[in-house]
Amino acid sequence: MIELTSLTKDYRRIRAVDELTATIEPGYVTGFLGPNGAGKSTTMRMIVGLDRPTSGTATVLGKLYRDLKDPMRHVGALLDARQLYPNRTARAHLRWLAATTSIPAARIDEVLESVGLTEVADRPAGSFSLGMAQRLGIAVALLGDPEVLLFDEPVNGLDPEGIRWIRTLMRELAAQGRTVLVSSHLLAEMAHTADRLLVIGRGRLIASTTMTEFLADSGIGTVRVRSPQSGRLAELLGARGASVQREDDTLLVQGIEIEAVGQLAAEHRLTLHELSTRQASLEEAYLRMTEDAVDYRAAGARS
Amino acid sequence: MSFVATVNAERIKLVTTRSPRWLVLTVIVLSLGLAGIQAYVMPYSYLPPQRAALGIGVFGVPVLMILSALTVTGEYRTGMIHSTFLATPRRCTVVLAKSLVVALLCGGITAVTTVGALALAGALVVPTQRAALALDSVAVWREVGAMTLYGTLGSVLAIGLGVLLRHTAAVVAVLVLLPFVVEPLLGVVPEVGGRIGSLLPFANAYAFTGVQWLQTFSLWWGPVGAALYFAAVVAAVLAAALLVVTRRDP
Chain A
-13 MIELTSLTKD
-3 YRRIRAVDEL
7 TATIEPGYVT
17 GFLGPNGAGK
27 STTMRMIVGL
37 DRPTSGTATV
47 LGKLYRDLKD
57 PMRHVGALLD
67 ARQLYPNRTA
77 RAHLRWLAAT
87 TSIPAARIDE
97 VLESVGLTEV
107 ADRPAGSFSL
117 GMAQRLGIAV
127 ALLGDPEVLL
137 FDEPVNGLDP
147 EGIRWIRTLM
157 RELAAQGRTV
167 LVSSHLLAEM
177 AHTADRLLVI
187 GRGRLIASTT
197 MTEFLADSGI
207 GTVRVRSPQS
217 GRLAELLGAR
227 GASVQREDDT
237 LLVQGIEIEA
247 VGQLAAEHRL
257 TLHELSTRQA
267 SLEEAYLRMT
277 EDAVDYRAAG
287 ARS
Chain B
82 MSFVATVNAE
92 RIKLVTTRSP
102 RWLVLTVIVL
112 SLGLAGIQAY
122 VMPYSYLPPQ
132 RAALGIGVFG
142 VPVLMILSAL
152 TVTGEYRTGM
162 IHSTFLATPR
172 RCTVVLAKSL
182 VVALLCGGIT
192 AVTTVGALAL
202 AGALVVPTQR
212 AALALDSVAV
222 WREVGAMTLY
232 GTLGSVLAIG
242 LGVLLRHTAA
252 VVAVLVLLPF
262 VVEPLLGVVP
272 EVGGRIGSLL
282 PFANAYAFTG
292 VQWLQTFSLW
302 WGPVGAALYF
312 AAVVAAVLAA
322 ALLVVTRRDP
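Order-wise, the sequence lines are chains A and B.
So the first sequence is numbered by our numbering: it starts at -13 and just counts up by one.
So the second sequence is numbered by our numbering: it starts at 82 and just counts up by one.
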C-alpha cells in the first residue's frame, strides 16, 4: 500500500509533481503512466525518500520510507539499473546490499537464480548489457522479499523474452498480494500487465482508473471492416447489438469480437476486403487524455 | 539497517573492488621507500623519527585521504549512492559508517606503515645512529601515534569533503592543492602569512606530526593544541557534511 497525499515537488522554477493524491493498493499491478517528463520518476524517488517533497507526503505501509525499519524488507525498488559500481561483481553488489539489512547470503543465490544471472554473477556489473543490468536491478528489488515493489521503466533494454519474463513476474508478485507500481510511458506495454492505471501529465493526476474501464472508454475493441456490401453488413452487425460507424465501404464496429464479424460475413456470403482491429486506438486514447491535461494547464495559466 | 549492519556493508564495499588495494600498496611503497632512501643515502647522519616518517605525512596520508574520498565520490559518480540511500535511508548513518570504516582502515595502515618505515630506516643507518629510531624510544612511539592520528582524522576529513563536494576531481583538488600549494603560498605572503599561517589546517597537521615540509609556522598552542585544532576542523567539516547530506536530494 502506497499513499500519496498532495505530493508536490518543485525544481527551481519547474513544478515536476503537482498536488498528486493517490492510493496504490496491494494485490494489483498498478501502471503508472505518463509521457516523458510527466513526473513519474520524481514521484517514485519521493516515495523511497531520495527526493524530499516540496510539500505533501508519500507513505509506504503507512510510514515515511525513512521511518521503515529495514526498508529493503518492505520495499523493493528498481529506479535506475545503473546505480551500481561498475568494477564490483554482481554478487558483491548484492552482498553489501544484503549486509545493510542482515539478509542471509543464501538469499543472494536465490535472487540471482530467479533473474537468470547465476552464471554471470562473478563478472563486474559494469560489463553487463542494459538488459542484464536491468535484471540485476530486479534482483536487488527482490532481495529483501518486500511486500511493496516499485519498477521505473523496467522493460527498458530488455529483449522480447525478457519483457515477457518481467510481465509474468509482476503479475505473480501482485497475485501473491504484494503492491506493484510500474511506470511506463508506453500504454501498450501496460495493456497486458496492469490491473489499474494511474495516469499523470505535467505532474498532475489525469486519471486513476482500472484497466478494464480505461479500455472500454478508449475504444480498444474497435474492429475495422471494409466490404463492398458494407450497408448489408452494417445491418447484420447492428442486429447483433454492435455499434457501427459507416464511412463509404468502411465500418468501424464496437461491441463485437473480430472472429464474430468474420463468421457473420461468411454465413451471409459477404465479401470482405479488410478485417482488422484498430491497434493504434489505445495509444490515441492515452494521447488524447494527456493532451487534455496539457490544454487544461495552459487554460489555467491564462486565467 | 542498524549502525553495525551499515558498517559491515561499507566494509564489504571496500574489499570488493580493486582500487583500495592498489592505493594501499602505493601508500606502503612510497612511505617505506622514502624512509629507506633517506637512511640509505646518509647512513651516518642523525635521522629523527619525524624525518624518517616524512613519506607517510606527505605521500601516504594524502593518498589514503584520496582513497577515503573515493568511497563517497565514486558512489556519486556512478549513481550507486541511490542504492546506498535506498538500503539505508538515514543518510547520517551512512556517512558515519563510512567515516568509521575508513578511519579504522587508514588509521591502521598509517600505524603499521609508520612502524615499518621507522624500523626500515633504523635497519639501514649505522649502529651508532640507530638509537633515535629504536622501537623502544618514546619519540618513535610518539611519532607513530601522531601519524596514526593524522591518518585517521585525514580520512574522516576526506569523507566530509567527499559528501560536500561530490566530485572526485574537486575533492582531490582541495586535498592536494590545500596542503601543497595554497597553504604554503598563503604562508609566504607578507603580513597575511604571519597572521593566518598558524590557522591553516594542514600547517597544524604538520606541526603535530613533526613533518618538516616546505615551511613551518610557530604555533603557541604546541603539538597537542595543533592536533586538537586539526581535529576541530575535521569535526566541523563532518558536521557540515551530515547537515547537507540530509537536506540535499542526491
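One should not assume that every hint holds.
Pairs of lysine to any residue residues, derived as SDA-like cross-links and limited to a Cα-Cα distance of at most 20 Å, are as follows [what the hints assert, rightly or not]:
#1 A:K49 <-> A:A8
#2 A:K55 <-> B:S83
#3 A:K49 <-> A:R164
#4 A:K49 <-> B:S83
#5 A:K55 <-> B:Q210
#6 A:K49 <-> A:D131
#7 A:K49 <-> A:T(-9)
#8 A:K49 <-> B:V88
#9 A:K49 <-> A:D66
#10 A:K55 <-> B:V88
#11 A:K55 <-> B:N89
#12 A:K49 <-> A:R150
#13 A:K49 <-> A:E(-11)
#14 A:K55 <-> B:T209
Keep in mind that the hints were calculated from the coordinates and are not lab data.
Holds or violated: K49 of chain A with V88 of chain B, Cα cutoff 20 Å?
Not OK: K49 of chain A and V88 of chain B at ~25 Å, beyond 20 Å, violated.
Given the hint that K49 of chain A pairs with T(-9) of chain A, does the C-alpha gap stay at or below 20 Å?
Holds. K49 of chain A to T(-9) of chain A sits at ~12 Å (cutoff 20 Å).
Given the proposed pairing of K49 of chain A with R164 of chain A, does the C-alpha separation stay at or below 20 Å?
17 Å, holds
20 Å Cα cutoff - pair K49 of chain A, D131 of chain A
Between K49 of chain A and D131 of chain A the Cα gap is close to 18 Å, so the pair holds against 20 Å.
For the pair we were handed, K55 of chain A and S83 of chain B, check the Cα-Cα distance against 20 Å.
Roughly 9 Å between the alpha carbons, so the hint for K55 of chain A and S83 of chain B holds.
Does the structure keep K55 of chain A and N89 of chain B at a Cα separation of 20 Å or less?
Answer holds: K55 of chain A to N89 of chain B is near 17 Å, not above 20 Å.
Restraint status (C-alpha distance of K49 of chain A to S83 of chain B at most 20 Å):
Holds, because 18 Å separates the two Cα atoms, which is no more than 20 Å.
Holds or violated: are the alpha carbons of K55 of chain A and T209 of chain B at most 20 Å from each other?
Roughly 63 Å between the alpha carbons, so the hint for K55 of chain A and T209 of chain B is violated.
Straight-line alpha-carbon gap K55 of chain A to Q210 of chain B, limit 20 Å:
At roughly 60 Å apart (the allowed maximum being 20 Å), Q210 of chain B and K55 of chain A break the hint.
20 Å limit on alpha-carbon distance, applied to hinted pair K55 of chain A and V88 of chain B
At roughly 17 Å apart (the allowed maximum being 20 Å), V88 of chain B and K55 of chain A satisfy the hint.
Restraint check for K49 of chain A with E(-11) of chain A, where alpha carbons must lie at most 20 Å apart
OK: K49 of chain A and E(-11) of chain A at ~9 Å, within 20 Å.
Hint consistency between K49 of chain A and A8 of chain A [alpha-carbon to alpha-carbon, up to 20 Å]
15 Å, holds
Hint compliance for this structure: hints 5, 8, 9, 12, 14 are broken, all remaining hints hold.
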